[in-house]
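Build the full structure now, drawing on both the sequences and the hints.
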Amino acid sequence: MADPLTARLKQLIVETLRLEGIKPEEIPDGEPLVGGGLSLDSIDALELVVRLEKEFGIKIASSEEARSALASVSALAAYIRERGDPSRLPT
Amino acid sequence: MADSAAPVKVAECGCITALGDAGATHAALLRGECALRPVPVLGRDGGQAVPLALLPGRLLDEAAPPDWLEAVRRLHAAIPGADWGSPGRPVFVTGSNFGVGGLYALRRTGDASFAVWGAPAACTERLRALLGWGPDVSVISHACVSAHLGLLLATRAVEAGLAEEALVFSFDFLSPFVAGGFHALKILNSGFPSPYRLCDSGAIGLGDGAAFAVLSRERGAWALAGQSVYNEMHQFTSNRGDGSGFDRCLEGVAAAARGRRIWFKGHGTGTLDAGQLEVSAAGRAFPGAPVVGWKGSLGHTLGSCGLVELAIAIESVRAGRTPGTIGGAGPTMAASVATESFENGAFDGVVCASNAFGGAHAAFLLCHA
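Here the protein sequences come in this chain order: A and B. By this note's numbering, the letter at position 85 of the first sequence is numbered 85, and the numbering carries on one by one without gaps. By this note's numbering, the letter at position 302 of the second sequence is numbered 302, and the numbering carries on one by one without gaps.
Mixed in with the good hints, there may be bad ones.
What the hints assert, rightly or not - Below, a sample of chain B positions facing chain A; criterion: calculated Cβ distance under 7 Å: (1) K186; (2) I187; (3) N189; (4) S201; (5) M233; (6) H234; (7) Q235; (8) F236; (9) S238.
Stated by the list, open to error - Calculated lysine to aspartate or glutamate pairs in the EDC-like style (CA-CA distance at most 20 Å, straight line): (10) A:K23 with A:D41; (11) A:K59 with B:D45; (12) A:K59 with B:D200; (13) A:K54 with B:D45; (14) A:K54 with A:E15; (15) A:K54 with A:D44.
These are calculated hints, taken from the structure and not from any lab test. From the three backbone atoms N, C-alpha and C, an ideal C-beta is built for every residue, glycine too.
Here it is, written out as structure tokens:
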């Protein structure tokens, strides 16, 4: 069974960036989000970060931290588990 | 694209920054002063404190009419000559902000008086009336290479005989809208910029700035001996990782600089990737040239930075001393980065470079006429 946070992140990515023809479950856990198969660019990353900050109560401090957090869905999930508001994590 | 045969001279040049006019700014940079101060990113609405260099007494918040008009008027009063905007004396207005903060204020407050300065054309038209310019006024806005493009187009107008003299006038004043945009990108954050330093995390500062240059075929102590612009069309907010965009642009002025001893005034905002790419490219194009960047003190004056920093470069040559790179401590990205001021009498050229969102690059070679 899929990890609820990972599944929610994939859903957010597709919704926020309006990715056409891509189902959330098709996004690999370990693939780079920016510059990878999804062809996301830095403006996509900006939109995603704004949404993630609102949804999970995180605060990403710098572009380097954003890049590290968005390295992959797995990395993003780990980042949010470590720094997000626990009450906002899906169960 | 490059134009290295232009004999056009810089007859007059000046600027204002948070540290004062070109002379005062140059002197303060030599003393290593930092104009950046922590300011809430959304002004009176608060938010994270970020490094901004505002003109003395100016608030980040928008006003209608804009509170920067007096500074523009003062700068304009320092420009010798008259009849700007008349036939043969065109004005090229450049910048990246104009009054865009007013549009955000309009959205928040519903006060229509904020709107009239919001768009570049409307803002320029109001300035034209305020400053007494004639109708021959062009508006050029291309992010942070705006002023370079204005210089290039003005050079061409003079070269082609379409202008006896041309005025390039650039201004960028900060607002919550502009600061908030860079803050959303995470490159404007609580950290102070450390241009060309090896750091774990990059940060920029932003600054108010305005400047002018009068270009002439006949008079002036300084020459723009080569100008170059290039757009790598790679990605909106990042450059090709191999630095080829920087290389292509600098190649455009390297030919004009051949045989000269050069110092290099870089863009140097404080972002890590672009800083490393720029300083490496400068080393390839101008081996041995010391590299300096001043945005660690003045902040990034955005579309006007090319003209603001031209005025400071001229002041540096005139005074015989170049301010070093300000901001941060510790090792630099290359040995060529000058962190201390240096005597420049043995040099006979300055390459000034700027880079912009959208993959745009620009550079010019400044030397004695």
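Status of each hint after checking the structure:
The closest approach between the C-beta of K186 of chain B and any C-beta of chain A is roughly 4 Å, which is under the 7 Å cut-off, so the hint is satisfied. Restraint check, I187 of chain B versus chain A: the minimum CB separation of about 5 Å is within 7 Å; hint holds. A hinted interface residue such as N189 of chain B counts as satisfied when its beta carbon comes closer than 7 Å to some beta carbon of chain A; here the least separation is about 5 Å, so the hint holds. Proximity of S201 of chain B to chain A holds as hinted, the smallest CB-CB distance being about 5 Å (cut-off 7 Å).
Using the Cβ-Cβ criterion of 7 Å, the hint placing M233 of chain B at the interface with chain A is not satisfied: the shortest such distance is roughly 13 Å. Checking H234 of chain B against chain A by beta carbon gives a least distance of about 10 Å; that is not within 7 Å, so the hint is violated. Using the Cβ-Cβ criterion of 7 Å, the hint placing Q235 of chain B at the interface with chain A is satisfied: the shortest such distance is roughly 6 Å. Hint status for F236 of chain B relative to chain A: holds, with the closest Cβ pair at about 6 Å, below 7 Å.
Interface restraint check for S238 of chain B: the shortest CB-CB distance to chain A comes to about 6 Å, inside 7 Å, so the restraint holds. Proximity of K23 of chain A to D41 of chain A is assessed by CA-CA distance (about 19 Å); at most 20 Å being required, the pair is judged to hold. Annotation: proposed proximity of K59 of chain A to D45 of chain B holds, straight-line Cα distance about 18 Å (limit 20 Å). Between K59 of chain A and D200 of chain B the CA atoms are separated by roughly 18 Å; this keeps the pair inside 20 Å, and the hint holds.
A hinted pair counts as satisfied when its Cα atoms are at most 20 Å apart, and K54 of chain A with D45 of chain B qualifies at roughly 18 Å. Proximity of K54 of chain A to E15 of chain A is assessed by CA-CA distance (about 15 Å); at most 20 Å being required, the pair is judged to hold. With a CA separation close to 16 Å, the supplied pair K54 of chain A and D44 of chain A stays within the 20 Å bound.
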